[in-house]
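Participant: Produce the entire structure from the sequences given, and follow the hints as far as they go.
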Amino acid sequence: MKISLNWLSDYIEFDDLSTEEIAEIITKAGLEVDEIIDNKKVYKNFVVGFVKETKKHPNADKLTVCVVNDGTEDFTVVCGAPNVQTGQKIAFAKVGAIIPNGQFEIKKAKIRGEVSTGMICSESELGISDNHEGILVLDSSLKEGTDLAKALGLDNVTFEIDLTPNRADALSHIGIARDLAASLNRPFKLPELNLQEINEESSVYAKVSIEDEEGCPRYIGKVVRNVTVKESPEWLKKKLTSIGLRPINNIVDVTNYVLHEIGQPLHAFDLDLLEGNEIVVRQAGDQKKFVTLDSKERELVTTDLMICDGNKPVAFAGIMGGENSEVTSNTKNILIESAYFNPSRIRKTAKRIGLSTDASYRFERGTDIEITIWAARRAAQLIGEIADGKVCKGELDVYPKKYQPKIVGLRFDRLNKIMGFTIEKKKVTDIIKNLGIKVTSETEEKLTAEIPAFRPDIEREIDLIEEVARINGYDNVPEIDDIKVVLEKNVDQSKYVDNLRDKLVGLGFNEIITNSLLNNERNIPFGKPISLMNPQSKEMSHLRTSLMPGALQTISNNLKVREQNLSLFEIGHTFENIGKNEVKSFDDISEKEMLLMIMTGKFNEDEWYAKSTDVSIFNLKGTVEELLHKLEVLPSVKIEYGKEVKGLKNTLVYSYKNVDICKIGQVEENLLKEYDIEQDVFAAEINIDELKKIEIKEKVFTQLLKYPKVIRDCAFVLDNKINNFEVEKTIKESSSKLLKNIKLFDIFESDSLGEGKKSLAFQLEYYDSSRTLTEEEVEKDFWNAIETVKRKLNAQLRGG
Amino acid sequence: MHTRIKELENQFNSELAEVTNLKSLEELRIKYLGRKGSITALFDEFKELPKEEKPKYGQVLNRLKNSTQNSFNEKKSLLNEKEKSQKDFIDLSLPGIKTNLGTKHILTQTLDQMKSIFKVLGFSVYEGPELESDYYNFEALNFPDDHPARDMQDTFFVNKDFLLRTHTSPVQIRLMQNKKPPLRAIMPGKVFRNEAISAKSYCLFHQLEGLVVDTDVTFAELKATVIHFVKEFFGEDIKYRFRPSFFPFTEPSAEVDIWWQPKGKEGRWLEIMGCGMVDPNVLENCGIDSEKYTGYAFGMGVERTAMRKYGIDDIRTYFDNDKRFLIQF
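Top to bottom, those sequences are chains D and L.
Residues in the first sequence are numbered consecutively from 1, following my numbering.
Residues in the second sequence are numbered consecutively from 801, following my numbering.
Hints were generated in silico from the structure; no laboratory data involved.
Note that the structure is a prediction, hence the values are computed from the model and not measured.
The beta-carbon is built from N, C-alpha and C at its ideal position, and this holds for glycine as well.
Incorrect hints may have been included.
Claimed, not checked - Here are the in silico distance ranges between beta carbons for each label pair:
1) D:Leu793 x L:Asp912: 48 to 56 Å
2) D:Asp746 x L:Asp912: 39 to 47 Å
3) D:Lys484 x L:Lys1031: 14 to 22 Å
4) L:Asn900 x D:Val486: 37 to 45 Å
5) L:Ile1027 x D:Val491: 19 to 27 Å
Said to hold, decoys possible - Derived DSSO-like pairs: lysine-lysine, alpha-carbon spacing no greater than 30 Å straight-line:
6) L:Lys979 x D:Lys489
7) D:Lys538 x L:Lys990
8) L:Lys979 x D:Lys417
9) L:Lys1092 x D:Lys438
10) L:Lys919 x D:Lys484
11) D:Lys41 x L:Lys1039
12) L:Lys960 x D:Lys351
13) D:Lys528 x L:Lys960
14) L:Lys990 x D:Lys41
15) D:Lys44 x L:Lys1065
16) D:Lys693 x L:Lys919
17) D:Lys417 x L:Lys980
18) D:Lys433 x L:Lys1092
19) L:Lys980 x D:Lys484
Facilitator: Printed below as a string of structure tokens:
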């Protein structure tokens, strides 16, 4: 919201304060000044120019070469607007000016061979409106050379205030003035009404009724007759342009002026266009379509609150008027509407038709039902003054249930308990009063306040406490230097994954964080994916069911910048619908915390000490197993080889009590192709929620071995389809418990071994923690294992 | 003979001092101690001496032999070592054999830093689902249905009852409903906003919220805690301000700004945190007596905070996961 400092000074005096000081006071009262716009700076090097001469550009049909005088000097300016003419006063941007719309600087230039030193501007270029049809033609009475900002009424400072949605009362100059006054502890004044009325009642010319009292608790109509619709006087136009509004005509301008003065949205109807000279506030009913002021046809639903005449809707209540009753240059008699509408009704309709106006913005936050009468009179008075209108006596005021002020108490000790320090009682009372809230009684313990209608946000004691806190100032909250900490069990639900991350970093992996929203075609569904009702785009229409797409996209992005060797991990949530239909309860949602590890490219590059090697599934297998080992779960899990896993081949699946914990594999080529990845990628998906469930035995120290180990080597030649696991299992099963470790140390394949044969070499480690083993018992065990492998797996002992 | 012995010893020693390699040392040995060496020759002379003179010279000669032999041995081992080290030359300027530590994402690192500041102050850490219900995300947090306050947070909806959480506050509700005060906890996590993706905003970001509920928790304590955090995180000299604001779930509410002055640019206030006293409605919604207990809550975004701290100018950089970016931190 834009607030003009000049305008603000109509209601409160602050000549003694600098612009920055005022901005700070307002901000510290809770009305954040987002930006201070000093138009004198914005329109530096812009002046009123006089077009002395014009001639056609010799080399371009649509261009005009003008001679512009800035009061002292003549400049040649090439202008492209069709409406430029000799004798006009125009907005002239001199060399060095920075055009507000686009932020480019005017420099001396040659345009199609003609020198141009400056620019004649349109409203759009000046940033006053979006009108870019031709240049802005100024009032001919303006003197050339005048600062443009001054000529346009822009020679002031405006604040862009970022208001929080609770502060409906502050959506106007008077609203801001009220908070500023309370903060400064000085008075502010409402403009005095000085209404000249004719001796005819408004009710003679119009009638008002409300059918939907829930939607419209109050409606005031006031009639002004014989108006002359014309341009507004300068003072009014300047007020409006100073806050970025475009003057339209004196009637509309007055309604806009009063809106920004007091915050009450008004509407002016052409009374003669209202059938039956009547206003009925009701629901849309059967009416299906309605054309608003902006000439757009909009759909209605039955419950939309509409302002109607004797026959048809004439306005969307509180949002925008209709074309059918618009004030035009032919309008003679008008009806000013000043009403209060139910905030949520306005919000519903405005949201549905996708239209947010200055009026709807205020109504949906809650306006002041009591100020409606003042606003109607204020507008009538101004229209009487500047449109030569005859203001009819009285108002058509339909107000079935008068506003009952809420009574809210404030206990001083409660205030102090919440704030943590004492605010003097007198100060508390003063703050409340300065905010325009009536204090009806005061005791040692508490005060009781009557909340005015302009503060719909104050309903409870805590709301009053907040008012006192913010006006008293957060800077006045003492900075204490000790706090109380209760000694109790500390819970850390992120500890497990924090530990996982530490280990993964130690294993050389880089953490990534990818988007949880995906194009569903990219999603690798492990179940029914969940879609969004209002996605931003097709690319982000579904929740991920897997971390894989994000990781593959990351690889793809990195390959484009020649980062080919990657070891990445992500820890994040995946989502699927496990219900029968759409998500209706949390039971339908499976939200899992997952870990994805992914490796691709070279494990190491060519180095002076080693040749490069490509990453293989065994790099990932080794890493994952080291991770599981360090988490102490490796002995508890079961491994399955070659199980089917979506998107992966050559898989290893680790499970615990029949629940899959971890799936490792090579990403399938057709999946890689979708991401333009042309190198092998290996991935491991780990379900952290399930991983956490694995029971871990409490750690007990193992005595260090005091007796020697006996090591025996052997190598078998066997069918190359037999996997290592089989062999190790056979060795283990045929050995006594003296065998403690089996290590595969060589694999050899050669035709010399026979077709389809391979050799596996093992090192077997025997020991007993309580004694030294004898040669005989080891030999017996060792040979027993060899014979079993030979027999069961049809193997030969190599060199044996 | 005494004089000759003395001369010979001196001669040997000075020649030995000149020796710089094993080869000339061997030549020296042969010259003095070899079978035809000059010291060995003295022993031959000694054999010829009359019996009565033998004891006189025997001792001296033995001493000469021992001391020269010792000097020789010493020198030999010295030269041996020297030659060995020359033979085993290592080019220590060769690159070391590579090993890589990985990296945590800068957002994780930033969250970790934030968490650790609060953990020292006795805060527990709680987590919750990202796919939430309207009840936990809005209703229980005092967002009236159909109220403009809901516009403050553009929401991704799954349907009318379920949505992607727009803040980690639902975790606060779950905590308050499940545990009796005193409560002292932070809630880190991912949140989602339906905002167009640009350099300044992304459809998701990370938050860290905090909640304290007890019998005598005050606004002054909130301010002290928050400012302690700001100083710990941004440095003791950080310029900050604490100004009134509005959130449906806290009252009174505040926003914390820090003064930000990037190099060569104009300084300005930047919002880093929202906070306030937990609204009595929220406490009551969670079955906590709001007369007996008071509480405060705060929340901040991780992405923007890290952007400021490290000078990252485009929020999308975090989610591109370019390795060249990842390994910088």
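Participant: All hints are to be evaluated individually against the structure, with a verdict given for each.
Facilitator: Here's how the hints hold up against the structure:
1. Hint check: leucine 793 (chain D) to aspartate 912 (chain L), Cβ distance near 51 Å, so the stated range 48 to 56 Å holds.
2. For aspartate 746 (chain D) and aspartate 912 (chain L), the Cβ-Cβ distance of about 44 Å falls inside the hinted range of 39 to 47 Å, so the restraint holds.
3. Between lysine 484 (chain D) and lysine 1031 (chain L) the CB atoms are about 20 Å apart, so this pair conforms to the stated range of 14 to 22 Å.
4. Evaluation of the 37 to 45 Å hint for asparagine 900 (chain L) and valine 486 (chain D) yields a pass: the beta carbon distance comes to about 43 Å.
5. For the pair isoleucine 1027 (chain L) and valine 491 (chain D), the supplied restraint of 19 to 27 Å holds, since their beta-carbon distance comes to about 26 Å.
6. For the proposed pair lysine 979 (chain L) and lysine 489 (chain D), the alpha carbon gap of about 12 Å is at most 30 Å, so the pair holds.
7. For a cut-off of 30 Å, the pair hint linking lysine 538 (chain D) to lysine 990 (chain L) stands: about 22 Å separates their Cα positions.
8. The straight-line distance between the Cα atoms of lysine 979 (chain L) and lysine 417 (chain D) is roughly 23 Å, inside the 30 Å bound, and the hint therefore holds.
9. The suggested pairing of lysine 1092 (chain L) with lysine 438 (chain D) holds, with an alpha-carbon distance near 29 Å, which does not exceed 30 Å.
10. The straight-line distance between the Cα atoms of lysine 919 (chain L) and lysine 484 (chain D) is roughly 14 Å, inside the 30 Å bound, and the hint therefore holds.
11. Restraint check for lysine 41 (chain D) and lysine 1039 (chain L): the C-alpha separation of about 28 Å stays at or below 30 Å, so the hint holds.
12. At roughly 16 Å between alpha-carbon atoms, lysine 960 (chain L) and lysine 351 (chain D) fall within 30 Å of each other, so this suggested pair holds.
13. Straight-line distance between C-alpha atoms of lysine 528 (chain D) and lysine 960 (chain L) comes to about 19 Å, which keeps the hinted pair within the 30 Å bound.
14. This hinted pair does not check out: lysine 990 (chain L) and lysine 41 (chain D) have alpha carbons roughly 42 Å apart, beyond 30 Å.
15. With a C-alpha separation of about 21 Å, the suggested pairing of lysine 44 (chain D) with lysine 1065 (chain L) holds against the 30 Å cut-off.
16. A hinted pair counts as satisfied when its Cα atoms are at most 30 Å apart, and lysine 693 (chain D) with lysine 919 (chain L) qualifies at roughly 25 Å.
17. Our distance criterion of 30 Å between C-alpha atoms is met by lysine 417 (chain D) and lysine 980 (chain L), whose separation comes to about 21 Å.
18. Only pairs whose Cα atoms come within 30 Å are accepted, and lysine 433 (chain D) paired with lysine 1092 (chain L) is accepted, the gap being roughly 29 Å.
19. For the hint pairing lysine 980 (chain L) with lysine 484 (chain D), the CA-to-CA distance comes to about 17 Å; that is within 30 Å, so the pair holds.
Hint 14 from the earlier list is the only one contradicted by this structure; the remaining hints agree with it.
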